[in-house]
Structure formats: structure tokens, C-alpha cells
Amino acid sequence: MKESHTGTSSGVLEGRRVEGMVVRRIERELYEVFIGPQHPGSGHMRIIVRLDGDIIVEADPDIGYVHRTMEKLSEVREWLKPIPLLERMTIIDACNVTLPYVNALEKLMDKKPPPRASYLRVLLCEINRVASHLYGFGIFGVFLGHSTMYMWAFGDREVFVELAEILTGARLTHTYHIPGGVRRDMPQDFPQMARRAVRYMRRRLEEYRKIFLENPVIVKRLEGVGVISRNLAADLGIVGPNVRASGIRYDVRLVEPYEVYDELEFEVPVFEEGDALARTWVRVEEIKQSLNIIEQAVDWLERHKGEVIPKEDYERLPKLHKEVYEKTGRVKLLPAHATMKVPAGKAVARGEMGRGEIIYYVESDGGTTPYRVRVVTPSARNAIVFKYVVPGHRLMDLPAIYGSIDYFPPEADR
Amino acid sequence: MNLEEVVELIRGALGDLAKEITVRKGYVEVVVNPGDVVTAATKLKELGFDHVKSVTAVDYPKESRIRVTYHVSSYLRDDLARVIVGLSVDLSRENPVMDSLVGVWRSSEFQEREVYEFFGVVFKGHPDLRPLLLIPELAEKRVLRKDFIVREESIYEGVPHRYQ
Amino acid sequence: MVLETILYLIAYPPLWQVLVVGFVGGLLLAMVAIWFERKAAARVQRRIGPYWASPRLGGFMNIVADMVRYVTQQVIIPTTVDKVAFIVTPVAMLVITILPVAFIPLSPHNLYWPVASMDYSLLVALALTTLPPLLAVVLGWASNNKFSIIGSLRESYVITAYELVAVLAILSAAASTLSFNVVHIVEAQQPLKWLALLNPIAFLAAFLAVLMSTSAFPFEIPESEHEVVAGPYTEYSGVLYALNMGGGYIRRFVYSLLIALVFLGGWAPLTPGLDPLTGLIIPSLVVLAKAAILMLVMSFLRAVYGRYRLDQALDAAWRLALPLALIGLGWSIMLAYVNLI
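Residue numbers (my numbering), protein chains in the order written: chain A, 1 to 414; chain B, 1 to 164; chain C, 1 to 341.
It cannot be assumed that every hint is accurate.
Restricting the straight-line Cα-Cα distance to at most 30 Å, the calculated cross-link-like pairs of lysine-lysine (DSS-like) are [said to hold, decoys possible]: (1) A/K107 / B/K62; (2) A/K387 / B/K141; (3) A/K111 / B/K146; (4) B/K62 / A/K72; (5) A/K210 / C/K39.
Partial pick of chain B residues on the chain A-facing surface, computed with a CB cut under 10 Å [what the hints assert, rightly or not]: (6) G26; (7) D50; (8) F118.
FYI, nobody ran anything at the bench for these hints, they're computed from the structure. Just so it is clear, the structure is predicted and the values come from calculations on it, not from any experiment. Ideal Cβ positions, reconstructed from N, Cα and C, are used throughout, including at glycine.
Construct all of the structure, not just a fragment, from the sequences and the given hints.
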């Protein structure tokens, strides 16, 4: 970082000292552009792009602008408290992001949720997945200048956010899972609402196809852009719809079914092309599968009654809490829950979020707080795409690739 | 393929390199010597473990060591995709240096940078070892080590006195 | 008597043309276009759009409020810019953008023409429309900002691509009517021999070229928000930014006026009288209405399309629009040859 002259890359201002300007010499032929962190197309991150004409020759993702020390904070909070904390990583996918943490806890404690609780978890996870994909679509649409897609996706996401609100009581930060069960049973009239939402969304997906996915301009922008081959995808270790668009049939719900995913019928859409368009289509197909799962889960929940917390937990509840639980389906936790101890051990749990696989490493030394929580979110693993896939494309392809991998900076920064 | 079969598979492939193979909850932990890590990683990659899911470091100040674990799995082999293998290395806490595995698994590049900034583990041969998430001043403090204490702030901290 | 004097005063051609039609009409139409753009997009996107500023007018006052905000906002002039060029260019750009209006007749009677001789009015007006984009390049350079530079670079690419198309497509009218005089071109189209109907190819090419030149969707490339923030206008704020933004709409307005005259029959189906009311004011309102419809169609495309990539847009200009314009020109010559017009 040698200071050589005062000026900006667009012109040297000899003899003019500008306060606060850091100057660095770059290669003559290259044009260095800082996209972000205050830029309409960057999100909470910075991509340092070096351009040769219109072609990107180097892209350096500079993430970390919204690092919130999730891992460190988890170490100083009691076992239950990281659940609402970790949700804040991906507030739009709050159920999926904490489920593996709870699963890891359950592995350490040898607890298993009753089937009804498992189905409720799956139900909320799929509702969240649809909402998460729609959010991604909205951002993607506006990145390509398609404001209608943005508005539609965000408007329709509202349906699923409200569905989640009816189920859990919160629009975004549900904090639904507790070790061994869920916090609340389903309301009586929930199945009808869920079915209506599913019917509505299926109809809307047709309209999305017409205005966005088969729009000639959009197709032209996406086809053959940001191609990730099967081997490259495996090499970069990217996750989620991105890896499935490259012909790799990997979905945690399929390879290591958690909760009740092995009892449900669903397909894992896989595309071979590996370009931005294929990644978009994977998301659409996944929304359809999630809608199917929502229907199945709701059907099962209607037919089977049962508890949402393990029997031994239920028996420990005082009389008043039992009454509340019987009457409203709400589980009121005892203070003892907050200070519970977890047997020493190491556990790894993974789950499939909307954006891809999330993996937790939880280590306990037998105390009241986790000894170490390591979380690797899908966006954290997808960030590498900027470095290795973006170069060689045109500058205007950057938003197309960014949107198509559905990168979410707060999730990557943790 | 279940975890026990994987243990056999890894034992066959790594032979004496593996100091210890343990089945943990949800993964198989393989501990190797810091000097052997690249060889072991290459062998695992030849087996079909083609990407790194997570690079984790855990600080044990009492035993004065830092354990770095690479959780690896497979995308291209369906049977291996079901399991996660943790390739672990114990490093000294005073001078944590190990060989970078970016040459074997490119997917570990960003996560090694993360371990570098949070724990101060230096990865020899890493192409671009800079802090990833933290600013350099903060990364100096090695914030995820156990001796960095998070100070609890009172709710009035930073509030001017006359409002308290 | 008094009324007539006032009418003649208003209809004093240079005053009417540049001030009333040019500035006021342009501004008002630009506002209507912006309002329509927001409202129509909102309707497509299942929103309401501007509303609360004036529920009865459908939120039209929202645009007025926006303008007031721009005018009263602080104008920040960064220390790194070339100050003179930075301030002068937007103003010069707006003025030059409006200039073509002075050569666009809105009445068949030479009494009401803004400049005495109109024999080459189409040529002069077209030549003037090609000037403002050059100033956009100056603007980007004066801003001394990377995004501005990239934006104006894109602008210059786009200029070279569409300029030829726009000129060729609009001049094809001259080829079929054997005159550069806009009045003759309009008269030749009476009553229903509109060139848009006789020569739809040239009309299409002209429409495409106007979309590209005024960076309307799907060709909103120089200002593409997600790579270059606001392109050449990144460093601008307050009223200077409003001038730039409004300039784009006024350019669209000028082009729409030209196309309305050249392709859409001008004041047809009306036959202008001699007095100011029927001879100038009503015909110009008819032309304005046609131009407005064109502008609204262009605005509506925002709700339907995303934006093309730069290379794709240039590709479309050279490989699709230019041949279209050439075919249109050939078609026009043929029309003149078979004496259809």
C-alpha cells in the first residue's frame, strides 16, 4: 500500500491533497471498483472488483460488515439462549437455522421429540423455506431491474410469514424449537389456512413463470451466466439449490433425514446446466415440493393427536403450566430449563435451510453453557463463488450471479 | 454407509497416520499429527471426501492446545455423502502453525481465514491469509480463544449520567 | 378583442413553442409520465402506488412534492469534481434537450411556426437530439467517480449504437415524402396515410432507438442501479440531480413529439383552421396527446421487463435495430417510388 499520488483512479489530481483519501496504486490496465458496502447492489458486504474493460478479472468478496459474534456469544449464554440468538443470523429462515442446533443438543442429551413435535417442526421449516425462496426471488428480481418480481415475491412471502405467525406467534423470530419438542401446538383452524395458502402459491407460481422465468430479457440475462460445473461445485463446496443446479443430488433432507423427512414424500429437483437460470428453476421446483410437504404435514397433524413435548418433560411441569398447555397448546418452560446441564460430548448436526446446508458443531463440557458452538451457514460457504466464478464475466453479470446464488450477507457473517 | 463402516474404511486408507478414530455424535473424528495432515487429507480426498463443510477450532487452555477439525464429506459419492468425517489436528496454543489444506480442498479457503483471525492459527501455504470477518485490530485479539472474556455491559453503559 | 390579443400573445410562435409546449408541456408530460410509471407499475405489482398526497388525483401531488423536495434539497458538490463542468453540464443538457422543440412545427400555417423557414426542420431537430448524450459523457467525466465513468462509458457505447438507428428510422419519413419539412411530412400523411401504418418497420426501429437513447426499460443500462449506482449521475444531488433525471424524461418527450408528427400523422385527424385556437392551440394539443400515449407506453415497459446486459443491448442495436432501420428506409423509398404517399 504505497502512497504514490493523490487522486482517484479516474484522474490524478496532482498537487491537490484531499483529506481522508487513501490512495493505492493498481495496475494500469485494470480498473478497480469497490461495490459496497454502501451500494444498491451489494448488500452488507463489499466486493472489490477489478475490471479489464467490461470484463471482471478479479473479484474479492470482503464480507464481515455485519459480524455479530454469534459463536462467542453462544459460549457465554446458557444452553437455551443461543436459540433466539442464532435465529438472528437469518431472520427470514429462522426455523431452519436453529433446528440443527436443537438437533445437536438432542443428540448430546439423548432426547427425541414426540412425532407430533417433529411434524410441527417440519411444517414450520417448509413454510420458512418457501418464504426464504420468495425473499431470494424478490432480491434477484430487483437485481435484474425487474421490479414486478420484487414486489410480487415480497407480497406473496407475506402469506407464508403470516402462516408462520399463526403457528408460532411471531412473524420472523419464531424461537419455536426447544430441546425435545416445540413451544406451541398448532391452532385448530391452521390446516385450512395452510391449504389455502398452498393453493394460492401454486397459482402464483404459474404467473411467476410467465412474467419472470420465461421473460425473454430475464432468460437472456441468466442463460449460460455463472456456470458452475459438477466438479467445480464439489470443489468449491457450495451448498443448497446452487449445488443441485449443477447436477449434484445433495439435500440433507435426503442424505441424512432429520426429524420426519424420511416419512414424507418429496422430490429433490436437480438440474444439470449449472447456470443462473438453472439455479432459479431449482428454487421454483423446491417451492412446489415444499408446498407438497406442507400439505402432507398438515394432513398428518390433523389425523394424529399427541403431545408436543416429551412425556418426562410434561410430568415435570407444575399444575398451572399443565393447565395452560392443555387449554392453549402453549408450553411454558420452567426456570430449570434455562440452567439445564448437557452431558459432555461433541456433536455435529446438519440441516437443509432454504439457501442450503447448515452445519453445527456443538461441544459440551457438562456445564450450563456450551463449550464451543461452531456454525457454518450456507451463505458462508457460498461466498467463495464470488472469488472463483465471477471472474471472466461482465460487470453486469455480477448482480445476476449474486442474486442467483441467493447470497445473504448477514447469514454469512454470523 | 453407516459410521462404523466409515471407521473401517478410514482405518484402511490412513493406516498408521490416524492416531485415534472415534465415533462421535453425528461424525467420525480422526486425529492425526500436524505433520501428517496434508498426507491424510490427500488420502481422504482420494477416498471421495471432496469438500470441507466446516473448519472448526476449539481452544483448550488447560491442556494448552488448540484442536482444529476439518469436517469433510462428499458430494460426488452418494454413500459417503451420508457421513461426516472430522479430520483433527492438535496444535500448541503458544505457536499454532499447521499446513494449509487449501491445496487439497479449495472449499476450506475462507474458513481457514476465519480460524486464522479468531484463533491465530497460522496456515502455512494458504494463498491469501487475511482476516475475513473481523477488522485487523480485532483479529489481533484472537477473540474466540477462551482467554478473551466477553465483558457484560450494564444496560446503562454509555448512557449519559443525567439520564440514569 | 382583448381575448384575441391575449390569444395572439400566447400564440406568438417562439413563446408558445419553447416556453409553453417545450418547458411547461415537457415538464407536465414528464410529471404525468413519472406518475403513470409509478401508478401503472403499482397496479401490475398489486400495490396502490402514490396515494396519500392527494387521494382524489390518484396521488399526482406526490410527484409535485418530489420536485419540491429536489429543489429544496442541499446540493452537495464533492471536492474532487471539476466544479464548472459539474454545475454547468446538467443545465446545458436540459437546455439543449429542449432546443429541438424550436424546430418542431405544431401547425401547418407558417404564421405559427417558431422559426421562419421550416424546410430543413426535421434534419435540424434530429441533429439537436443527438447532442445531449454527449453531455452525459462530459457529466460522468466531470464527476470524477468510478461509477460515473463506467456509466458514461456505457452511455457512449449506447450512443454509437442507437444514434444511427434513430436518425435513419426517422429520416426514412423524409425519403417517402421527399421533404425534410416536418409540415410537409405531416400534410402528406393526411388524413389516414400515417407512416406508422404504411411503414411499421421504420416506426418499430424508431421506437426501439428512442427506448435505448432515453435509457428506458429494458435498456436502462447507463444508470443500472446494481452495478453503477446511478451511472453518470452518481455524484449529483438536489436540484442538479432533478435536472438530470428530468432531462431524460424531456428527451423522451422530444422524441415522442417527433415520432407523433412524423409517424403518427401529427394533428390528424384534425384539419387546423386559421385563428390561434383552431390553428395552433388545438393542433398542438392533439400532437401532445399522441406524444403522451407514446411516452406512457414506454413507461409501462418498466413493469414488464428487466434490463438487458450492455453487450446484449448493443448486439440488439447493431444486429436487430440497424437492419430494421435500413429495411424501413428501403421500404420508404419504395413507398415514394410507387407514389403511395
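Hint by hint, here is what the structure shows:
A distance of roughly 26 Å separates the Cα atoms of A/K107 and B/K62; the hinted pair therefore holds under the 30 Å criterion. Our distance criterion of 30 Å between C-alpha atoms is met by A/K387 and B/K141, whose separation comes to about 27 Å. Restraint check for A/K111 and B/K146: the C-alpha separation of about 29 Å stays at or below 30 Å, so the hint holds. Among the hinted pairs, B/K62 with A/K72 is consistent with the structure: their alpha-carbon atoms are about 19 Å apart, no more than 30 Å.
Among the hinted pairs, A/K210 with C/K39 is consistent with the structure: their alpha-carbon atoms are about 22 Å apart, no more than 30 Å. The interface hint given for B/G26 holds, since its Cβ lies 4 Å from the closest Cβ of chain A, which is under the 10 Å cut-off. Taking 10 Å as the C-beta contact cut-off toward chain A, the hint placing B/D50 at the interface holds, the least distance being around 5 Å. With its C-beta approaching chain A no nearer than about 8 Å, B/F118 sits inside the 10 Å limit, and its interface hint holds.
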